[in-house]
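Asks: Mapping to the working numbering: the sequence shown position 57 is 125, numbers consecutive.
Treat each hint with caution, since some may be false.
Claimed, not checked - Cβ-Cβ distance ranges computed for the label pairs, FRET-style:
(1) Phe113 <-> Lys159: 15 to 25 Å
(2) Val172 <-> Asn117: 31 to 41 Å
(3) Asp230 <-> Ala137: 15 to 25 Å
(4) Thr129 <-> Asp205: 22 to 32 Å
In case anyone wonders, no lab produced these hints; they're calculated from the structure.
We treat Cβ as the ideally placed atom computed from N, Cα and C, and that holds for glycine.
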Amino acid sequence: MKHSSSFKASLVMLVSVISLLMPQKISAQSTVYFFIDKVCNLDVFMFKNSEPLFDMVGPITKKRQTKSAMVLPLCTQAPCKRKTVFHATGKSIFEMEATYTNPVNAKTSKLAAEIQLNLTDGAVYYVKIGFRGLRNDMKMELLSDKEAEKILKDKKYVALDDYDEVN
Numbered sequence: 069m070k071h072s073s074s075f076k077a078s079l080v081m082l083v084s085v086i087s088l089l090m091p092q093k094i095s096a097q098s099t100v101y102f103f104i105d106k107v108c109n110l111d112v113f114m115f116k117n118s119e120p121l122f123d124m125v126g127p128i129t130k131k132r133q134t135k136s137a138m139v140l141p142l143c144t145q146a147p148c149k150r151k152t153v154f155h156a157t158g159k160s161i162f163e164m165e166a167t168y169t170n171p172v173n174a175k176t177s178k179l180a181a182e183i184q185l186n187l188t189d190g191a192v193y194y195v196k197i198g199f200r201g202l203r204n205d206m207k208m209e210l211l212s213d214k215e216a217e218k219i220l221k222d223k224k225y226v227a228l229d230d231y232d233e234v235n
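Using the sequences and the accompanying hints, generate a full structural model.
Replies: Set out below in structure tokens:
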């Protein structure tokens, strides 16, 4: 019986060592970079599958109050970028909702856009938020690696805090 019990102990030890040596898959993760050019009096908030994530508001670089009919100052926000890491894979819909405050009459208007990404483990995506047409509508579009590298190196784009999705 002693032989059998020492054999079991050795077998358990062997299995434990092998499991420690095998590469462990921690969790799937995808990286998405979001970019937005300089905007004025615009608050942008991001969602993933209708769940709130973060804002995309750069620091104010210029504030102008003219003596004309403007009720509020015209606040120019710096272009910004944010690195995000998502631990789930599969189809995800990213939405942005923006509120524009008109400095002349202080009225607000809502703008929105969305993009669908099929997140895969280890993939990197670059999404640019911008205006469509005459600045009364927004869009989100995928950028090529070359376009994204240009923006990532651009010192005018303020890097906002990274966002890491918690499972």
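Asks: Hint by hint, say whether it matches the structure.
Replies: So, going through the hints one by one against the coordinates:
{"no.": "1", "hint": "Phe113 <-> Lys159: 15 to 25 Å", "verdict": "holds (21 Å)"}
{"no.": "2", "hint": "Val172 <-> Asn117: 31 to 41 Å", "verdict": "holds (36 Å)"}
{"no.": "3", "hint": "Asp230 <-> Ala137: 15 to 25 Å", "verdict": "violated (41 Å)"}
{"no.": "4", "hint": "Thr129 <-> Asp205: 22 to 32 Å", "verdict": "holds (24 Å)"}
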